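Asks: Given next are the chains, with one letter for each unit.
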Amino acid sequence: MVIQQRITLPPMPRGFHLITRNVLDAIGKLPDSGLMHVLIQHTSAGLTLNENADPSVRDDFSAFMNHLVPENHPTYSHIFEGEDDMPAHLKASIIGSSVTIPITNGRLNLGTWQGIYLGEFRNHGGSRRLVITVTS
Amino acid sequence: MVIQQRITLPPMPRGFHLITRNVLDAIGKLPDSGLMHVLIQHTSAGLTLNENADPSVRDDFSAFMNHLVPENHPTYSHIFEGEDDMPAHLKASIIGSSVTIPITNGRLNLGTWQGIYLGEFRNHGGSRRLVITVTS
Amino acid sequence: MVIQQRITLPPMPRGFHLITRNVLDAIGKLPDSGLMHVLIQHTSAGLTLNENADPSVRDDFSAFMNHLVPENHPTYSHIFEGEDDMPAHLKASIIGSSVTIPITNGRLNLGTWQGIYLGEFRNHGGSRRLVITVTS
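Chains as they are written, first to last, in the working numbering: chain G, 58 to 193; chain H, 58 to 193; chain B, 58 to 193.
Simulated from the structure, these hints should not be mistaken for laboratory data.
Computed from a predicted structure; not experimentally measured.
Quick reminder that beta carbons are idealized off the backbone N, C-alpha and C, glycines included.
Hints are not guaranteed to be accurate.
[What the hints assert, rightly or not] To give an idea of the interface, some chain B residues facing chain H are shown, with a C-beta separation under 10 Å as derived from the structure:
1. Ile158
2. Ile160
3. Gln171
4. Ile189
[As the list claims (entries may be wrong)] Derived SDA-like pairs (lysine to any residue); straight-line CA-CA distance at most 25 Å:
5. Lys86/H with Thr161/H
6. Lys86/B with Ser90/G
7. Lys86/H with Thr161/B
8. Lys86/B with Ile189/B
9. Lys86/H with Lys86/G
10. Lys86/H with Lys86/B
11. Lys86/G with Gln62/B
12. Lys86/B with Ile60/H
13. Lys86/B with Gln62/H
14. Lys86/G with Gln61/B
15. Lys86/B with Asn166/B
16. Lys86/G with Trp170/G
17. Lys86/B with Val59/H
18. Lys86/H with Trp170/G
19. Lys86/H with Ile60/G
20. Lys86/B with Leu75/H
21. Lys86/G with Val59/B
22. Lys86/H with Glu128/B
23. Lys86/H with Val59/G
24. Lys86/G with Lys86/B
25. Lys86/G with Asp89/H
26. Lys86/G with Ser90/H
27. Lys86/B with Ile189/H
28. Lys86/B with Pro88/G
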């Protein structure tokens, strides 16, 4: 059985944001067991699982990824969409565009400290669309 | 229901290549809704989703990943398979070996600008095998 | 049909470890075809696919990732859980928290040289829990 839902998230500032609650609210009742897949339909933002508690982790993600994939790097030729564009594409593929999470007893079976992060890599990325698919 | 197909891609030069069409042609008719998973059965090439339009993005991916994971790095001890071998293994795990994409209304539900990239990280990687699995 | 199993791995030293056999022993008989998803329920360890043969590849993964995501980087503010903590979170998201593998003819359909790596990014990470989900 497949349940699918598309949602649009409000614009978020550049950085990492915890969106577990947005995803759960959108998909509604989960099956007893299965998998939930979430895709972000964009190439300059990403999804990953990481610590859901201390916001300083998300701040450090943002700062370190900006260091790892800097703007204005001499290897970039794709620069006409803004200096935040090419690093955003690279971060999207390094962090990933989707997450897959097991469902057990009708709930996401994440670890205690795991949540879903949206990495917004553009300065003004605007609204972002997600496609949530549950298979069971 | 599970549909599965194995395909062999022709040798491609080192760099990033758009292979969405190769995958779609191989798998044929998709179900109404579900998930498509694609695995590359190699440890020195990867799969990711990124921009399907401007080829300069793929050029920059190649150049930046060569910068991020350089050849002849002093940390490498696994050097007997060539200087492009160990960086290829590392890039494969940083970029990832598989992609999972939702299927909606019988089509891949990617964003407008998303396509499937094959990252070929060896100088002479040869043919690459993919396993495509559709669950619905 | 969904088969699910949770396993606890014994503590492993910081570094990369081949765990394909642990996963296969835990899940038991696989269906004829489908997908196997494995999640690590932690935010300072990761899962990826890479070379299953020469252990020097795993040593180089560890050394290079320590170089790529160093301890005591000036961008880190989340430092009260130890100097290995924030780099462990970052490595977990760069390497990834889960792998998805096709099942064909009742077996994992990996490439000849592919195995499942656990990346242990803490100095003393302790036992790690995995959730294995098979859909078919």
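Asks: It remains to establish, for every hint, whether it holds in the given structure.
Replies: Going through the hints against the structure:
| no. | hint | result |
| --- | --- | --- |
| 1 | Ile158 | holds, 7 Å |
| 2 | Ile160 | holds, 8 Å |
| 3 | Gln171 | holds, 6 Å |
| 4 | Ile189 | violated, 16 Å |
| 5 | Lys86/H with Thr161/H | holds, 12 Å |
| 6 | Lys86/B with Ser90/G | holds, 18 Å |
| 7 | Lys86/H with Thr161/B | holds, 20 Å |
| 8 | Lys86/B with Ile189/B | holds, 13 Å |
| 9 | Lys86/H with Lys86/G | violated, 30 Å |
| 10 | Lys86/H with Lys86/B | violated, 30 Å |
| 11 | Lys86/G with Gln62/B | holds, 22 Å |
| 12 | Lys86/B with Ile60/H | holds, 20 Å |
| 13 | Lys86/B with Gln62/H | holds, 22 Å |
| 14 | Lys86/G with Gln61/B | holds, 19 Å |
| 15 | Lys86/B with Asn166/B | holds, 14 Å |
| 16 | Lys86/G with Trp170/G | holds, 22 Å |
| 17 | Lys86/B with Val59/H | holds, 17 Å |
| 18 | Lys86/H with Trp170/G | violated, 40 Å |
| 19 | Lys86/H with Ile60/G | holds, 20 Å |
| 20 | Lys86/B with Leu75/H | violated, 36 Å |
| 21 | Lys86/G with Val59/B | holds, 17 Å |
| 22 | Lys86/H with Glu128/B | violated, 49 Å |
| 23 | Lys86/H with Val59/G | holds, 17 Å |
| 24 | Lys86/G with Lys86/B | violated, 30 Å |
| 25 | Lys86/G with Asp89/H | holds, 21 Å |
| 26 | Lys86/G with Ser90/H | holds, 18 Å |
| 27 | Lys86/B with Ile189/H | holds, 22 Å |
| 28 | Lys86/B with Pro88/G | holds, 23 Å |
When each numbered hint is compared with the structure, violations occur for hints 4, 9, 10, 18, 20, 22 and 24.
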